[in-house]
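Peer 1: Read off the chains here:
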Amino acid sequence: MDVVDKIINRLGQDSDFFRYKMMLSNEPVLLLGYQSFMSVAESINELHAQAARVNPSEHDGHRSRLMDSIGQIIEDPSEDLIVSLLLRGQLVIWFESVDAFVDFHPYSKVLSRSIDAPVTENVLRGSISAFVEDMETNIGLIRKQAASEDLRTQSYGLGPDRQKQIVLIYMQNLVIPNLLESIVKRIESNIGMNVQNLQQLSAVLGFSKWSTITKFNTTELPQEVERALQKGKVVILLDRFPFALIVPSLLTDMFAVENDRNFLIVFTYLTRLLRILGVLTNIIIPGLYVSLVSINPDMLRIEIALTIARSRMDVPYPSLVETLLLLLILELIFEASIRLPRSIGPTLTMVGGIILGQAVVSAKLVSNLLIIVLAATTISSSTVVGFHNSLSIRLFKYLILVLSALFGLYGLVAGMVVICAYMASLNSFGIPYVHIMKSRGDANG
Amino acid sequence: MSIIGLRVLPVIGITAILLTLTGCWDNKDINHRSLPIVMGISKLDDHYHIVLQIPEPSQQQGTEFRLVKASGATINEIVDRIGANMETQMDLLHLKVILIDKAYAESGLNDAISAFLRSHDISPKTMAVICDEPIDQFFDNIQQYSKNNGTLIQDFFRANAGWSPQVATSRIWELFRSIHSYTRDEAIPIIKSGKGTIVETRGSAIIRNGKMVGRMTPDETLMTNIFSGMDVKGKIEVMNSATVQIVNNRITNRSSIVDGRPLIKSKITLSVALLEKKGQPTQDEIKKELQLTLTERFNHVLTMMKEEEADILGLGQLFRNKLSRDELQKWRTNYLPNLKAEIHFEVFIENEGDLKMDA
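These protein sequence lines are chains A and B, in that order.
The first sequence begins at 0 in numbering that gives the first Met the number 0 and counts up by one.
The second sequence begins at 0 in numbering that gives the first Met the number 0 and counts up by one.
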């Protein structure tokens with residue numbers, strides 16, 4: 000059984016796999032490929048046009064010149080190699096008479112969106128093009144943005160059949176050598192593992208499974224990638240994943256985006272300060288409410304103590320329970336608004352925000368003040384940069400809440416210490432999470 | 000045991016300890032606590048009589064308050080008894096003012112003050128105030144006047160609310176300190192219920208070793224506040240010529256022992272703003288008048304201190320490094336009456352107001 004039959008055996012049952020016999024400059028050939036990747040008719044036209052350019056009069060070596068001119072002759076054709084070419088969307092031409100394969104680049108169909116504005120990160124002043132699913136486009140965007148001869152890309156096929164492509168991008172002269180070395184080593188030793196999602200990629204890179212802070216900083220913007228490369232970080236692109244993954248992700252990535260620097264420097268720092276305040280508000284406020292209401296009311300001024308007492312009259316549950324109750328509803332609203340189609344979103348906001356909020360107060364289930372507290376919490380949970388970071392913050396809030404309910408303000412402070420200690424304990428490839436990375440080799444600092 | 004077991008078990012253990020040993024189930028929410036803000040104490044024949052003013056949050060606007068009265072042998076016992084009868088938990092942490100009956104203050108406060116400091120329930124920052132009329136009467140009058148303001152007595156003494164520089168401030172920890180210190184006594188404010196205004200200030204009481212031994216007028220209280228370096232913005236009427244407001248005051252003291260007699264030289268620098276004047280006094284006249292008035296007032300306070308042997312200005316503090324501990328012990332009796340004070344007031348008229356001096 001020769002190679003062609005083996006390939007046809009393996010892929011033949013796919014409905015979009017085609018075998019097409021035809022004559023190309025009097026040579027009988029067999030075209031193999033997936034019609035979902037290419038437009039077949041145009042590819043065949045192109046093939047004929049290229050073949051016609053080869054002068055058929057000279058008989059000697061006509062076949063080899065023909066093969067040369069239409070594509071790349073596959074040396075030492077193995078079944079696996081050809082299958083992988085086919086799966087990547089190439090058209091493979093088998094010359095029956097000499098049993099040789101030629102790899103032809105067909106008219107491919109566009110299977111990606113065009114470059115568009117980012118979906119998860121809004122840019123107010125700065126470059127708006129965002130990454131798309133197609134990896135080549137993404138690499139192109141980065142090359143265009145970085146415009147540097149030191150930019151290196153390194154491609155790996157991962158997975159049991161080495162089909163899933165990931166690309167490492169770094170600046171040759173700026174990258175932190177240990178970082179690059181360890182990432183390459185990890186990828187090479189785990190090359191057989193699947194990477195269909197970030198959990199699997201994180202397993203490939205050997206990150207701890209149960210960490211509550213992400214080790215990848217994801218971004219849709221080439222501008223952010225450029226800055227990360229400048230700082231000596233390594234960027235990973237995953238095929239069909241419209242985000243660049245920046246390793247390592249640091250604490251500063253929670254508060255700073257490169258786009259801040261498109262504003263005056265005063266506002267850069269003020270907005271970053273605002274984000275820090277937002278994160279602190281989100282983490283502390285629910286716990287503060289519970290501890291002040293049930294454990295340390297003596298810390299309040301008497302007027303506010305009385306106001307809270309008045310607003311809590313007839314509220315049946317202890318403050319921890321009422322806080323958890325409303326927080327749960329808020330988390331549900333969060334989750335639901337991600338799931339819902341865009342057209343139904345506003346309805347949910349209205350029901351959740353206005354109707355539920357009003358009803359829950361007049362039904363005396365929770366106190367007025369708690370509504371304010373939770374509104375502040377919800378709003379501030381979105382000031383942090385990146386949705387992946389806001390998830391961590393949302394989780395930490397509960398640690399503080401529980402500790403506050405147990406120990407009051409003392410527990411709140413202890414919880415902050417625990418969170419700080421946890422962050423300080425994290426590191427990726429030897430770079431501590433709380434490290435502040437300076438831009439390297441930047442002429443204007 | 001597996002690695003996971005080694006990691007998970009301590010976490011489970013800590014969580015179990017957290018949940019079982021904290022005692023958090025004893026915490027009561029704020030709406031299940033009574034937060035009295037004023038406590039009135041009087042003593043009759045070895046029996047304390049206590050009135051608590053407890054704000055009551057109500058669904059209507061404002062805060063009403065209720066008065067709870069009880070008598071008994073010790074303060075804590077009475078409070079406990081009141082708490083047992085209330086539908087909420089008694090929580091004295093928000094107590095802001097302790098109102099002491101004058102007769103009780105004259106007989107000595109030592110037991111009550113040490114009881115307050117001994118028990119955790121009351122903040123040492125609570126103000127001590129003397130009431131110039133029977134406690135029950137005071138509270139009854141107050142209740143008539145103010146239905147909706149549960150915090151008015153507290154506001155009267157709060158620096159960022161109704162406090163004025165003619166009113167002495169004294170916390171119970173300061174009273175406690177004065178009881179046990181050789182060289183410092185306290186002045187505490189005296190109030191009674193007023194007509195028109197709800198509370199009326201009646202000067203301050205001189206407390207010596209926990210006993211009320213004399214009283215000062217509001218003007219003299221302002222003097223002591225200036226001397227203790229408080230940032231007072233008080234207004235002083237200069238006899239016959241003007242009224243000024245103190246905008247800044249600074250004091251430097253130097254102390255020495257001369258021939259066994261304590262000598263204190265103080266320089267008090269006052270920046271004042273002119274508010275009102277009578278006739279056409281010159282700046283120098285106003286300054287001189289002011290110096291004279293203040294020196295007179297100060298000397299009067301000093302004379303009173305010497306008579307009562309009560310060091311409300313804390314002058315003895317300045318001699319702590321000059322006298323031995325045994326000598327300090329006799330500060331009030333042997334040294335204070337012989338104190339020689341040279342006080343110099345330096346006055347700057349910083350501001351003539353929006354009009355020229357001779358306008």
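Mixed in with the good hints there might be a few duds.
As the list claims (entries may be wrong) - Derived EDC-like pairs (lysine to aspartate or glutamate); straight-line CA-CA distance at most 20 Å:
id, chain 1, residue 1, chain 2, residue 2
1, A, Lys363, B, Glu55
2, B, Lys264, B, Asp283
3, B, Lys27, A, Asp297
4, B, Lys264, B, Glu275
5, B, Lys27, A, Glu187
6, B, Lys276, B, Asp258
7, B, Lys101, B, Glu132
8, B, Lys27, A, Asp313
9, B, Lys124, A, Asp313
10, B, Lys124, A, Glu302
What the hints assert, rightly or not - Among chain B residues calculated to face chain A with C-beta under 8 Å, some are:
id, residue
11, Leu17
12, Cys23
13, Asn26
14, Ile36
15, Pro54
16, Pro56
17, Met89
18, Leu92
19, His93
20, Gln153
21, Lys210
Unchecked claim - Residues of chain A clear of chain B, computed beta-carbon distances all greater than 12 Å:
id, residue
22, Thr306
23, Ala308
24, Thr382
Keep in mind the hints are simulated off the structure, nothing from the lab.
Note that the structure is predicted; figures quoted are calculated from it, not measured.
In this text, a Cβ means the ideal position worked out from N, Cα and C, and glycines have one as well.
Peer 1: Grab the minimum C-beta distance from Gln153 (chain B) to chain A and call the hint holds if it beats 8 Å, violated otherwise.
Peer 2: Nearest chain A Cβ about 7 Å off; hint holds.
Peer 1: Is the hint on Lys210 (chain B) kept, meaning its closest Cβ partner in chain A is under 8 Å away?
Peer 2: Not OK, violated: Lys210 (chain B) not within 8 Å of chain A, min 31 Å.
Peer 1: Taking the closest Cβ pair, is His93 (chain B) under 8 Å from chain A?
Peer 2: holds, 5 Å
Peer 1: Using Cβ atoms and 12 Å as the threshold, tell me whether Thr382 (chain A) really stays out of contact range of chain B.
Peer 2: holds, 29 Å
Peer 1: For Lys101 (chain B) and Glu132 (chain B), compute the direct alpha-carbon distance and say whether it is at most 20 Å.
Peer 2: holds, 7 Å
Peer 1: Can you confirm whether the C-alpha distance between Lys27 (chain B) and Asp297 (chain A) stays at or below 20 Å?
Peer 2: holds, 12 Å
Peer 1: Once the shortest beta carbon distance from Leu17 (chain B) to chain A is found, is it less than 8 Å?
Peer 2: holds, 6 Å
Peer 1: Double-check Met89 (chain B) for me: the hint is only fine if its C-beta lies closer than 8 Å to a C-beta in chain A.
Peer 2: violated, 13 Å
Peer 1: Is Lys124 (chain B) close enough to Glu302 (chain A), meaning Cα to Cα at most 20 Å?
Peer 2: holds, 17 Å
Peer 1: Decide if the proposed pair is consistent with the structure: Lys27 (chain B) and Asp313 (chain A), CA atoms, cutoff 20 Å inclusive.
Peer 2: Holds. Lys27 (chain B) to Asp313 (chain A) sits at ~14 Å (cutoff 20 Å).
Peer 1: Does Cys23 (chain B) hold up as a contact with chain A if the rule is Cβ-Cβ below 8 Å?
Peer 2: Check passed: Cβ of Cys23 (chain B) comes within 5 Å of chain A, closer than 8 Å.
Peer 1: Going by Cβ atoms only, is Pro56 (chain B) closer than 8 Å to chain A?
Peer 2: holds, 4 Å
Hint check: violations occur at hints 2, 4, 5, 6, 9, 17, 21, 22 and 23; the rest are consistent with the structure.
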